Each structure stands twice: as structure tokens, then as C-alpha cells.
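Protein chains in written order, with my numbering: chain A, 7 to 292; chain B, 7 to 292.
Read the hints as simulated data drawn from the structure, not as lab findings.
What you are looking at is a predicted structure, and each value in this text was computed from that prediction instead of being measured.
Take these hints with a grain of salt, some might be off.
Chain copies aren't distinguished; within one or between two, either way the pair holds.
Taking lysine to aspartate or glutamate and the EDC-like style, the derived pairs with C-alpha atoms no more than 20 Å apart in a straight line are [as the list claims (entries may be wrong)]:
1) LYS71 / GLU87
2) LYS19 / ASP61
3) LYS239 / GLU215
4) LYS239 / GLU82
5) LYS24 / GLU123
6) LYS175 / GLU214
7) LYS239 / GLU43
8) LYS124 / GLU152
9) LYS42 / ASP104
Protein chains: 2
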Amino acid sequence: MGAIAMNSDTSAKIIDGKAVAKQIREEIAADISRMKEAIGVVPGLAVILVGSRKDSQTYVRNKKKACEGVGITSHEVHLPEDCTEEEVLRHISYFNSDPSVHGILVQLPLPRHMNEEKILNNVCIEKDVDGFHPLNIGRLAMQGREPLFVPCTPKGCMELLHRYGVEVKGKRAVVIGRSNIVGMPASLLLQRQNATISIVHSYTRNPEEITRQADIVISAAGVANLVRGSWIKPGAIVIDVGINPVDTDSTWAMPMMVVLANARLITPIGSGCLEQIDICYVRPFN
Amino acid sequence: MGAIAMNSDTSAKIIDGKAVAKQIREEIAADISRMKEAIGVVPGLAVILVGSRKDSQTYVRNKKKACEGVGITSHEVHLPEDCTEEEVLRHISYFNSDPSVHGILVQLPLPRHMNEEKILNNVCIEKDVDGFHPLNIGRLAMQGREPLFVPCTPKGCMELLHRYGVEVKGKRAVVIGRSNIVGMPASLLLQRQNATISIVHSYTRNPEEITRQADIVISAAGVANLVRGSWIKPGAIVIDVGINPVDTDSTWAMPMMVVLANARLITPIGSGCLEQIDICYVRPFN
Ligand SMILES: NC(=O)C1=CN([C@@H]2O[C@H](COP(=O)(O)OP(=O)(O)OC[C@H]3O[C@@H](n4cnc5c(N)ncnc54)[C@H](OP(=O)(O)O)[C@@H]3O)[C@@H](O)[C@H]2O)C=CC1
Ligand SMILES: NC(=O)C1=CN([C@@H]2O[C@H](COP(=O)(O)OP(=O)(O)OC[C@H]3O[C@@H](n4cnc5c(N)ncnc54)[C@H](OP(=O)(O)O)[C@@H]3O)[C@@H](O)[C@H]2O)C=CC1
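In isolation and in its complexed conformation, chain A is listed as follows (with noise of 0.2 Å):
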């Protein structure tokens, strides 16, 4: 059976990312044009890369279009898989203090001979537009204090939920994943917006049960066929920003077309998803 059978067979209605990227894109295109215009400066984000791993590489490249298509100046380093911890570190002072850069990126993972924590600590707070230091993440799960940015993965599913008029506040959220990038910041969001929140790791003994009681889903396990169709309340809204080697995308490539009868609302298998997310490392400059 084919995509298009698949579709025709289900209720769900598929996420565009698409075309929310393309909004969001249209709307931080037209900001930064107002604030050449008023202040005659442009925002520009620096990503430093280390190593070779194809995925870093296709989110820096990513991030790169996503700038040059909005009018963000982007400054990228490439450095070796080899290079020295000293190497990163004085790349980000040079950033740091570089005041046409306003945003640093360090894409992770590193490689394995560095201290991840100590070169994330050494971007200065105001640049630190991925929200990874802990003083952003402590805000964040703060109530009454607000970090200076977002991690982008966790705020392009919400910007997804929003812009799908979908209400946060109240429903039984549960994010399957808690990792530092994706998971916990997406718990710490949703509860923010007033969801009941549950979080589901390699530790949780049903997750199945804990999962079909979610209005809304998060799925970021970075496991291959995780998250089966039985999982899925009927009516549920489903964001998966799962990528996996083995197949190209989605946690749940396999049992998809069950996945799709069960769920109101759901990302694609494909890149719609991850567009929009990316898009969403630009948008803290607004």
C-alpha cells in the first residue's frame, strides 16, 4: 500500500511544517527589514562545527539557508574532527566579542575528546541562542522568570501546537525523551503552558499505558519504530522530531500508518517538521 492509500485511510491531519516555516520565515523577514530600516543593523548568528557527522552537517547547512533566506548574516567555522578544545574556545571568545554577532551556535554532539560543559559555558549569555546554558534552563523551569532563549527543537513543536491552534493548557502532555537538547526543555515548555506534564525515558516501565493517556505527544527517543500505533489516544496531536539513520526520519517510520489512524493531528514522515524547526533557531532575534 502506498503514501497516498495511507492517507485516505486515516482521520489524522498531517502538520505542514512547510508552510508554517514559510510563515514564520515571511514573518522574521519582514522584521528584519523593519530593523535595518529603523536601526540600520542586521542580526547575525555564528556556528562553529567540529567534525563530520552528516547530521550536524545537514542542521548547519540548514541553519545557514535559513539565515540567508531572512536576511540574518551567518558566520560559520569548520573545524576539524582532530582539533583542540583551545581551537573551539577561541573561536566562541572571538565571537563573544565580536558585536556584529549576536548569536552563537556550537552544534553538538562534540567529539568526544571535549568538554562539552565547559566550552557551552563559555558562550556569553546574551549569544547563547541555543538556551543551553544552565542558567537559561534553570529560568526556564522557573515560574515568575523567563530565559533569554528557548532551546529551538522544544520551541519549534510549540510554535507547531500554536500555530495549529492547539491548547496547551490543561491537557495531559507526555514528552518520550529528556535529553538536555529536546526532551526536558520540551516538558519544561509545555508545563509552562500549563499542561500536565509526564515524561517517559529508557527507565519508564509502561510507556505504552503513559503515552495513551497523552492529549498531546512528544516524541524525541531518538529510537528507530519506538512509538507503535496502540500508543496513540484516539484524537491525540503527535509531534515526532525523531530522525534515525536507519530509515531518514521518524521514530515511528514503521507502524505510521496506525500511528496516523489514532491521531488528530501529526507530524510527517520528511523534513515538513524539521524545517519548521529549524527556522526556529533564527527566531529569537525578533
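Assemble the complex: chain A is given as a structure, and chain B with the ligands must be docked to it using the hints.
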């Protein structure tokens, strides 16, 4: 029916917070006397109390007593309700630079005319024994990072679980309440020990249903009579940190009997749990 009859009716073992507190106090006292012998220094704790809330006064008095009991020098400053923010900041700055003070506690809540965030951010991070600095909370939330200090009430809850041999890993844990002081850090601590957490708050639509799934419940809602016996799964472990003026303690003063009948292990109505928690304030000095 009196308290004794109640007890014999039930299968729940009541957590003896006083005994745990005594044990911890002895351990700390021994540590401190070793420290004094070895390096000639004893820890010093400064407490700043503003205004005359009864509960705050009780907390501060208990902390002072706890310090005295184990050999920690305590420095107390009591300021009037209508003092200025600057006065509080002056005292913080003084303690920040006093080498005989190793920890600074600002008792919360502060009077409404003060900016709590600004005041807490002024406590230097190495002396933030309360662990309320966003940098500490961020580290608590992040995998692979370690907070310098952990907020004491949630830490006290974890100590109780630990000393009663409760395995947290893989358990379903529900935290009722998500305040910066109790609920939110409690859920982060449980998750760090690999529990699967759900967080119930005032927007949660079906708190009873969610709480009934929990193997471990930490209740910190600050609402009297919220948790009913029917909320507790048979065999669950229940830590109640709530204190309500209406009945001197406990979130579930009224339906206590029913809760008791279900729980396997539970903190008592009364000061047992509290006392244990107060002693945890001084624990970070170890
Ligand atoms: N779309 C985008 O823009 C982005 C997509 N991604 C993708 O999202 C996914 C997650 O990324 P990231 O968070 O960095 O990955 P991590 O590997 O850092 O985290 C994976 C999380 O999933 C949990 N997990 C692992 N196995 C299971 C299981 N069997 N059941 C339940 N939970 C499990 C882990 O739990 P534990 O903590 O217990 O180990 C961990 O919290 C990946 O596929 C990644 O490629 C990532 C970033 C951006
Ligand atoms: N034993 C000890 O050492 C200590 C005890 N305490 C006691 O613990 C309790 C909690 O303190 P604290 O966290 O500072 O209180 P807060 O008032 O700051 O927070 C209360 C939390 O409970 C939630 N809540 C309120 N009503 C309901 C409801 N009907 N159903 C579910 N959740 C609800 C609130 O949700 P929302 O966020 O949506 O408003 C909030 O997150 C108090 O009784 C306090 O006296 C506090 C500190 C130390």
C-alpha cells in the same frame, strides 16, 4: 476514634522523620567535629528573615536549633516587614564576603514590595545553600550536570525515601505542586534518580486519576484536604510536605485515615517530616 485506634486499623508504616533527623544530625555532628580537628574550621550559616510571618519564624528558629545541635555557627538577621530592599542586599553583600559564613539563606516569602528574584540572585552561587539560584536549578534539570546545592525540602523528601530503602528508579512518581521551592525541584530530583514523573498542579483536570497511578507521591500543593484516600494506589509511598494554617499541618488532615489504609509508607501528620527536612538544610555543608 483516636489516633491510636487509627493506626491499628491500617497497614501503612508511618515514616519516623524524627528518628531519621536524629540519625542525620549525628552524622553531621561527627563530620563537623572531624572537620574542626582536621582544618580548624566550622561551617557558618547566615539566615536573613524579613517580617514576622509565623511559619517563617518557625522555619528560621528550627534551622538555628538544628545548626546549634550539630556545631554549625549560625548568624541571624531579623529585619522589619517595612525595611527596604537595599537593607536586605546590604546584609547579603556583607555575608557574601564574610569568610566565616559558608551558606546564606534568605527566608521566603519576602514582603511584596521586594523583588525576590533580584535579592536571591545577589546571594553568591557558592553560598546559595537554598539552591534557588537559576544556575543551580538549571544544573539540577540537566543530565550530566551537578548542582552546587539542592533545595532542602525536596532533598529532605529524597532522604526519607532513601533512608527507608525505597527504590526510586523506574517507579511512577507524582508530584503535586510545581513551585520553585518544593514541587519543581522535587520532580527534577526524582527524575535524576530515574523515576518516571508526572506533575500535578492547579490546571490539572484529573489529579486523582493521575495520582492514583503513582508508586511514590510527593504532595506539596499547600491546599488543605486536597489529597483523598481514593487518590492513593494501594502500596504507594506518600510524602506530604504540606502545612496549612487551618489545621496546623498536612494536605490531607481530614481523610488521613483513608490515605493511611492505602499507603505502604507515609509521613505522619505532625512535625516528624518537617524536622527531618529542617536538618537537611545543614546537610550541604558536608
Ligand atoms: N528535529 C530536530 O530538529 C531535531 C531532532 N533531533 C532528533 O530527536 C531525537 C532525540 O534527540 P536527543 O534528545 O538529542 O537524543 P538523546 O539520545 O540525547 O536522548 C534520547 C532520549 O530518549 C530516551 N530513550 C531512549 N530509549 C528509550 C526507550 N526505549 N523508551 C523511552 N525513552 C527512551 C532516553 O532516555 P534516558 O535519558 O533514560 O537515556 C533519552 O532521554 C533524535 O532522533 C534526534 O536525531 C534532535 C535534535 C533536533
Ligand atoms: N515541610 C517543609 O519544610 C516545607 C513545607 N512547605 C509547605 O508545602 C506546601 C507547598 O509549598 P510551596 O510549594 O511553597 O507552595 P506554593 O503555593 O508556592 O505552590 C503550591 C503548588 O500547588 C499547586 N496547587 C494549588 N492548588 C492546587 C490544586 N487544587 N490541585 C493541584 N495543585 C494545586 C500550585 O499550582 P500552580 O503552580 O498551578 O499554581 C502550586 O504549584 C505548603 O503547604 C507549604 O507550607 C513549604 C516549604 C517547606
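Hints, one by one, checked against the model:
| no. | hint | result |
| --- | --- | --- |
| 1 | LYS71 / GLU87 | neither (23 Å within a copy, 56 Å between copies) |
| 2 | LYS19 / ASP61 | neither (28 Å within a copy, 53 Å between copies) |
| 3 | LYS239 / GLU215 | both (10 Å within a copy, 16 Å between copies) |
| 4 | LYS239 / GLU82 | neither (43 Å within a copy, 55 Å between copies) |
| 5 | LYS24 / GLU123 | neither (33 Å within a copy, 40 Å between copies) |
| 6 | LYS175 / GLU214 | between (23 Å within a copy, 18 Å between copies) |
| 7 | LYS239 / GLU43 | neither (49 Å within a copy, 63 Å between copies) |
| 8 | LYS124 / GLU152 | between (24 Å within a copy, 13 Å between copies) |
| 9 | LYS42 / ASP104 | within (18 Å within a copy, 50 Å between copies) |
Checked against the numbered hints given earlier, the structure breaks hints 1, 2, 4, 5 and 7 and satisfies all the rest.
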